[in-house]
Structure formats: structure tokens, C-alpha cells
Amino acid sequence: MDQTVKLGSLTLANPIITASGTFGYGLEFMRYGDLSKLGGLCLKGISLAPRTGNPMPRIAETPCGMLNAIGLQNVGVDKFLAEKLPYIPADATLIANLYAQTPEDFGELAAIFAHEDKIAALEVNISCPNVREGGVQFGQDPHMAAGVVSAVKKRAGAKPVIVKLSPNVTDVRVIARAAVGAGADMLSLINTLSGMAVDIRTRKSRLANVVGGLSGPAIKPVALRMVHQVVQAVNVPVIGMGGIVSAEDVLEFILVGAHAVQVGTYNFMRPDNAFRLVDEVAALAGSLGIGSWDEYRGTLKV
Amino acid sequence: MIDSQTPCRDLEVLSCRPGSDPSLVNLILSAPGWTCRPGQFVMLRPAQWGAELIWPRPFSVCDVSDDGLRILFQTVGRGTRRLAELVPGQKVTVWGPLGRWFRIDESRPNLILAGGVGIAPFVMLARRERRDNLSMLFGHRLDLQHYPYDEIAASIPSEAMQQKTPADIAAFETVLSDRIRALAGKGQVLACGPEPMLKVVRKYCLEHGTDGQVSLENRMACGVGACLGCVAKTIQGDYVQSCVHGPVFDVRDIELGA
Chain A
20 MDQTVKLGSL TLANPIITAS GTFGYGLEFM RYGDLSKLGG LCLKGISLAP RTGNPMPRIA
80 ETPCGMLNAI GLQNVGVDKF LAEKLPYIPA DATLIANLYA QTPEDFGELA AIFAHEDKIA
140 ALEVNISCPN VREGGVQFGQ DPHMAAGVVS AVKKRAGAKP VIVKLSPNVT DVRVIARAAV
200 GAGADMLSLI NTLSGMAVDI RTRKSRLANV VGGLSGPAIK PVALRMVHQV VQAVNVPVIG
260 MGGIVSAEDV LEFILVGAHA VQVGTYNFMR PDNAFRLVDE VAALAGSLGI GSWDEYRGTL
320 KV
Chain B
11 MIDSQTPCRD LEVLSCRPGS DPSLVNLILS APGWTCRPGQ FVMLRPAQWG AELIWPRPFS
71 VCDVSDDGLR ILFQTVGRGT RRLAELVPGQ KVTVWGPLGR WFRIDESRPN LILAGGVGIA
131 PFVMLARRER RDNLSMLFGH RLDLQHYPYD EIAASIPSEA MQQKTPADIA AFETVLSDRI
191 RALAGKGQVL ACGPEPMLKV VRKYCLEHGT DGQVSLENRM ACGVGACLGC VAKTIQGDYV
251 QSCVHGPVFD VRDIELGA
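If you're matching them up, the sequences are chains A and B in order. In the numbering used here, each number is its position in the first sequence, counted from 1, plus 19. In the numbering used here, each number is its position in the second sequence, counted from 1, plus 10.
Covered stretches of chain B, as calculated for chain A (at least 3 residues, CB under 8 Å):
1. 64-73
2. 219-231
3. 241-248
The hints are simulated quantities; they were obtained by calculation from the structure and are not laboratory data. We put the CB at the ideal spot given by N, CA and C, even for glycine.
When you get a sec, could you build the whole thing from the sequences and use the hints?
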């Protein structure tokens with residue numbers, strides 16, 4: 020079957036996108052597979068100025084998952100454009116992930132990427148739990164979320180704008196509706212769940228940041244539930260993510276209504292996993308007799 | 011020799027045996043079809059870990075040849091305890107060789123400072139480099155016969171010191187300081203071992219002005235530079251991934267905590 024998916028004006032060769040912060044700038048994975056094979060790549064979150072990130076330790080393994088508190092370490096947009104973007108093959112579908120601490124700076128980043136031919140879409144990160152300012156603050160307040168989204172939309176030109184939502188809210192549909200109301204072309208969810216791990220002997224947190232974001236298979240049921248809720252609440256394409264480690268998992272998200280998915284922690288389990296998943300999803304869809312993604316999407320019987 | 015298109019290999023366990031002390035395990039995997047430099051590492055993740063244990067585990071290559079890939083590890087947590095239970099015939103996904111290696115100074119003395127299971131990468135080095143400008147000082151907690159010390163001592167001049175008490179550790183530290191001072195301006199040290207030892211090595215290298223390289227063993231999720239979980243702090247205050255910028259660093263380039 021044809022694996023192509025259309026998310027408004029954004030067309031992907033297949034529904035598999037690598038999640039921001041788990042796939043670097045793509046360059047790190049070029050010896051493990053052909054980047055153009057992926058539906059898309061969400062690049063590591065980029066801010067106007069470079070960020071050094073949080074102190075160590077930054078990661079902790081937990082049952083069926085992991086915590087991270089990286090703190091959006093990145094080279095900054097100027098260095099990204101000069102030293103990273105030119106080396107990413109032109110046939111890869113790239114989604115820039117934007118992080119800022121004010122709506123104005125979000126708009127500034129959008130304006131910069133609006134002129135980059137190699138960037139197919141923008142993903143607005145209003146859901147990082149590991150930074151003190153901006154991040155999830157924007158994602159937990161519908162008015163602030165709408166402010167960021169309209170600031171980005173105004174300066175994003177023709178680039179489709181994806182808004183990445185936090186699960187650390189009382190009702191994810193409230194933020195989803197606010198983002199769409201402010202012009203979001205699509206939504207992606209879920210970012211990590213806020214969590215902790217502690218050591219009873221040293222009496223310290225396992226993360227220097229004390230709290231971090233939980234990802235991996237442990238969070239998939241929460242992610243599925245939230246994607247299911249959001250697709251009922253809005254009329255834009257939704258990209259589902261959270262704990263995907265198999266082709267079955269991908270189809271579960273599409274079944275509840277996602278147009279595409281992102282895989283994150285799975286990339287750490289084996290660096291060629293995303294590439295293999297593209298083939299495995301195609302094979303599974305074929306074996307289930309699915310004629311097209313449009314036909315299968317959102318057909319959960321309730 | 012490295013096939014750049016498929017660097018992930020599913021290798022077969024040929025043997026997985028605890029040594030004479032059960033906390034030290036010798037794992038032999040089928041030959042990976044590549045070779046590497048001493049100090050480089052691999053990521054290992056057994057297929058049967060499923061979704062329970064997420065991360066692969068990083069290990070220095072102890073040795074690699076047509077006979078197989080040899081890993082020496084100590085059981086310290088859930089991952090290494092599960093690895094110790096591998097049986098012949100099981101499959102382990104391996105990617106590597108990864109990272110920067112120990113750079114031998116051809117023209118001057120190179121003193122290896124190994125601590126405990128940190129002796130692993132020097133097995134390969136000793137087998138390949140039978141040169142008179144190499145020597146080793148080995149600090150260890152368990153009795154010497156539990157470590158592959160003799161394999162190294164057979165080809166390069168070596169001495170060992172056991173640390174069972176705080177007084178032993180203090181004595182070892184004094185010897186480290188003396189040896190590092192003796193090489194100031196004349197040679198370099200290559201160190202792999204527990205972090206407290208590396209901190210001492212770095213301190214004396216800087217104090218005495220001796221060249222030195224240390225191999226860090228930070229927790230890693232991916233091994234390929236993407237997760238930013240394994241970073242080391244540079245003296246400029248930036249964080250760099252120890253999987254690609256290390257694990258072997260020049261002592262002058264990085265900080266090593268308090």
C-alpha cells in the first residue's frame with residue numbers, strides 16, 4: 020500500500036517521524052540509515068541563543084522507561100544554520116523544533132526558519148518540563164499557549180506550524196483547542212510526563228535537576244488516551260507519540276486517530292530502529308489488509 | 011573493514027562466564043567484522059530485553075579479533091546483572107566501535123594507570139603494542155588473580171597494588187602522585203578506572219604538569235551523540251557528549267566534578 024500521509028500542506032512519505040531531542044540533527048544517525056527513508060525528522064530543539072543545558076546527571080533509567088532533564092542544550096540558531104543544516108541531506112523531510120522564553124522570541128525563530136527551504140515545517144515546543152522559563156509554562160495555560168502560537172503563525176510564512184503539547188495538564192483538550200484557535204496547523208503529543216527517581220542511600224535525586232521527563236513504553240497508555248481525546252476535540256491533523264517501540268504501537272496511534280507518529284526513546288534502544296520501523300509498519304499494514312491510512316485512521320470501535 | 015551502512019550487528023554469545031570472583035564477567039561475542047583502537051567502546055543490548063530495560067549498555071572493548079569480541083564487565087546494577095545471565099547462542103545487538111581512543115605517544119614513555127575493571131581496554135593494547143615505552147600501574151580491590159593482569163604483565167612491565175582499606179587507598183594515591191610527577195615533561199599517563207581515581211589522576215597531572223588522558227564512563231542512553239545524557243563539562247564550561255568527544259579525554263580539556 021502507498022505509505023504517504025498528508026497533514027494539510029505537509030506530505031510525508033510515511034507516518035514515521037523521529038522525535039525532537041532523540042535524533043540529534045539527523046547527522047548522528049546517517050551511518051545507521053538513509054534519512055530520506057523516514058517520514059520526517061524533528062530536529063533537536065533550537066533556541067535563538069546557544070544553551071548549555073542542565074548539570075549532570077541528566078538521565079535515569081526506570082522500568083520500561085527513562086527520565087531526562089537535558090535542559091534543551093543546543094548550539095543556537097545561527098550555528099545550526101551555519102554548521103548543521105548544510106550537512107543534512109536535502110532529500111530528508113526536516114521539521115525544526117522551536118524553543119524560546121517569550122512569544123516575541125518564538126516569532127523571531129519562526130521568521131528565521133520561514134526562509135529556510137530545507138525546513139518543511141515548524142514544531143513549537145510549549146511543553147518542555149526541564150527548563151525554568153518558557154517551556155511547559157506556555158503549555159499549561161491556554162492564553163499563553165495561544166499567544167505563542169499566534170506569534171509563530173504571524174511570522175512562519177508558508178511553513179505549517181505544529182504545536183507540541185504537554186501531558187502535564189488537567190485537561191489536554193483545553194490547550195489543544197486554544198492552540199488550534201490561535202492558528203496551529205496541527206498538534207503533536209505527548210511530550211514527556213513530569214517524574215522523579217531518587218536514591219535511598221545517597222538520599223539524592225537521580226537527576227541533578229531533581230525532576231525530569233518520563234518517556235518510553237511506560238507512558239504509552241497515557242499517550243494513547245490523550246491522542247484519542249484530542250482527535251475528538253479538534254479538526255486538525257494530530258501526530259501521536261509516547262512509548263512507541265513496535266509497528267503495532269504505530270498502528271494503535273493511527274487507530275485512535277493520529278495522522279502520523281513520532282518515535283523518541285526507541286531511537287536509543289538501537290540507532291537504526293526508526294529506519295527498520297518504516298519497513299515493519301508497511302509490512303504490518305499490508306498483512307492486516309489496510310488499503311490506505313485514510314481508511315484505517317480513527318476507526319476505533321467505541 | 012567497517013561496513014558503514016550497517017554498523018548495528020546482532021552478534022551471538024559464544025560464552026558468558028563469571029571469573030573467579032562472580033562480580034567480574036567475561037563475555038565473548040561472535041566476531042563483529044571490524045577492529046578498533048584501545049579505549050573505544052561498544053553499545054550492547056540483548057534482544058530479549060524487550061521493553062523492560064530501555065538503554066543499551068556501554069563497554070570498553072577488552073579485545074577484538076577473528077575469534078570474537080571480548081568484553082570484561084563488573085555487575086553493578088540491573089543491566090549488568092541481566093547481561094551476566096546471557097547464555098551461549100543468545101543474540102546481542104552491538105554497535106561500534108565508538109568514540110575516541112587512547113593516543114600512544116610513540117617517542118616518550120606511556121604509563122598506564124588502570125583501576126579495577128578499568129584494566130579492560132589495556133588488554134587489547136598490551137597484545138598489540140609490545141613496546142618498551144609502555145608500562146602499567148594497576149590498582150585493584152579484589153585479589154589480583156580475578157583480573158586479566160597477567161595477560162598485560164606478560165608483554166609490558168607492570169606492577170600492582172591492592173586497596174582493601176582507606177590506608178591502602180592513601181598509599182596508592184601517594185604512588186600515583188609520585189609516578190605522575192616523575193613523568194612531568196617526559197611522558198604521559200593513560201588512565202581508566204573508577205571516577206574517584208580519575209579525579210586523583212587528573213589532579214596530579216595538572217599539579218605536576220604531566221600530560222594525561224582519562225577514559226570516562228558516564229551513563230549513556232544512545233552512544234551516538236544524540237541524547238546529550240552522557241556529557242562531560244569542558245574547562246570552557248560547555249557540555250560535550252562523552253560518547254563522541256570521549257570517552258577518552260585529555261585531562262586539560264575537561265572538569266571532573268568535586
